[in-house]
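J.: Residue-level listing of the chains:
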Amino acid sequence: MSRLRLSGISKSFGAIQALNDVSLEVAPGEVLGLMGDNGAGKSTLVKIVAGNFRPTHGSISIDDTSVDFHRPLDAQVEGIEVVYQDLALCDNLSAASNVFLGREPRRSFGGIKLLDYATMYKRSAELFAVLKSETRPRDLVRRMSGGQRQAVAIARTLLSNAKIVLMDEPTAAISVRQVAEVLDLIHRLSDQGISVVLISHRMPDVFAVCSRIAVLRRGQLVACKPANESSPEEVTGLITGAIETA
Amino acid sequence: MTTLEQAIGHSQHGSPFSRVFNSQIFWVLLAALLACVALSLLTDSFATQRNLFNVTRNFAFVGLIAIGMTTVIASGGIDLSVGSTVVLSAMVISVLMSSGNPFWISAIAALVAAGIVGAINGTLIAYVGMPAFVVTLGMLSAARSLAMVLSNNKMIWEFGPDHDLLLWVGGGSTLGLPHPIYVLGLLTIVMSVVFRWTRWGQYVFAIGGNEQAATLTGIPVKRIKVSIYVFSAMTAGVAGILMAGWLGSVTTNLGQAMELTVIAAAVIGGANLAGGQGTALGAVIGALLIEVIRNSLILLGISTFWQGMFIGCFIVIAVAFDRVRNLRSLD
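Respectively, the protein sequence lines represent chains C and D. Numbering-wise (the working numbering), the first sequence opens with residue 314 and increments by one. Numbering-wise (the working numbering), the second sequence opens with residue 635 and increments by one.
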């Protein structure tokens, strides 16, 4: 069974062919590293899976059921969540408010619906415990470390019972110690049976958490193989084109 | 013995005591109270019932609009058109009443006029994507001009059959407190609850904190932005009706430059022009401080020309204080 299957995905923007006949499979709980140089088509591929773009050709299926996304909400309904590079958090709100942003639980007081902070604090504390993160629900995101911010962003995906989490450069702008924290978070997601597609330029991170590595070059999938059968040298060669295909 | 979970669960904000001392509102309120105490000792005229009555009523108008302005500022916007909305609302109600219409119908028409001003502001800002500063600057000019057209730039001081009712609503008092204060008190309580305990309040602050994030999480950002500008214009509309009753006459220079006093009150009260911060109570206390400064300069016999200097210094001090506090807490 495959959690996510892309078959023959192509995408062109006018005369520019951003993706050409890309086929990929991700198993439940699998962490797939998606690598490639700038402009190789990684972001386009992620945006297609997240429902921002529709592919020109090809099809997507989730749990062996064919899906067709017209907008990001369609993808969310199917259990696809994206953790954005800039994290898309509100610095001025608490961790719990960010986890629940856009889907706050409410309780009715005499006909007036008020936010249920008690549930929000309790539930987000549980999610942070699952992620083994020292993030406190009441703390403002402004005062948090990069690792804690990642935990908040990832807790959002747990809240919605995501099947697939797409992560765009989660370790790009944080310290070495926090990188380890984020890689731990990815393991936690995988432990929950959630599939992760990790886009990263950082070779050590990809090899540390990914079971398979896919390489895109100029819109084409040039390799997709288990991480333990590859090496950073080979992947670098595939990205630059020094190695044609593997 | 505390477990790790308990330690994590414990908020880092500390005791309620330290939170009070860390809030800008507390210090601004303290400044206002100290000024009141000093004035009571220095002058015979401050602590009189009549003067206190005037002070409370005068700051209520600015306070009302400052709550609307704080909402706009908390969402990362600005509304420069409130002063003109005040005069438009006051002019609509007085023109209608002087031509024989009852108070309630005229008041509703005035609020509808204010609401339309806010809806135009909000639509241009949210859906057309124009900067709030430019849109509301244009409205500042357009709405006042419309008030002049409506009244033919004449003073209106006869309000038809419900003349006395209008004067009672805006200028009267119940149980020793002027009516605008009741409106202000009610709005402060309601908006404090709305900001903290409703989705709308949460989304206003989310938009001010990170508009892109708010959009990505599926919050209807555009609709909420329109509602924010409508709310701001409505507070100005209510203030316009009350001011018409208080003054007993309406001219087209009513509310001139009021937007600056209102923004000053909001900022002194802790609203952050970068968005994402502000409280209803803060806006009211900011307005109170400005009125106490104004009143004290008059009572102490200092030229009113100095008023701008004092208020200007207070804006800068309040924001500087906030900066210092933030730097300290980031260490």
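Honestly, the hints are just simulated from the structure, not real lab data. Treat the hints with care, since some could be wrong.
Among the chain C residues that face chain D by a calculated CB cut under 10 angstroms, a handful are [unchecked claim]:
| # | residue |
| --- | --- |
| 1 | Q330 |
| 2 | D334 |
| 3 | S336 |
| 4 | A340 |
| 5 | L386 |
| 6 | N411 |
| 7 | F413 |
| 8 | L414 |
| 9 | E417 |
| 10 | R419 |
| 11 | F422 |
| 12 | I425 |
| 13 | L428 |
| 14 | R515 |
| 15 | M516 |
| 16 | F520 |
Lysine to any residue pairs mimicking SDA-like chemistry, simulated, CA-CA at most 25 angstroms apart [stated by the list, open to error]:
| # | chain 1 | residue 1 | chain 2 | residue 2 |
| --- | --- | --- | --- | --- |
| 17 | C | K426 | D | R833 |
| 18 | C | K435 | D | G852 |
| 19 | D | K856 | D | T832 |
| 20 | C | K476 | D | T832 |
| 21 | C | K435 | D | V827 |
| 22 | C | K426 | D | W940 |
| 23 | C | K360 | D | E845 |
| 24 | C | K426 | D | T832 |
| 25 | C | K476 | D | G819 |
| 26 | C | K426 | D | V828 |
Note that the coordinates shown come from a computational prediction; the quantities given were computed from them, not determined experimentally. A virtual CB, placed ideally from N, CA and C, is assigned to each residue, including glycine.
J.: Name the hints, by number, that the structure is in violation of.
T.: 1, 2, 3, 4, 14, 15, 16, 20, 22, 25
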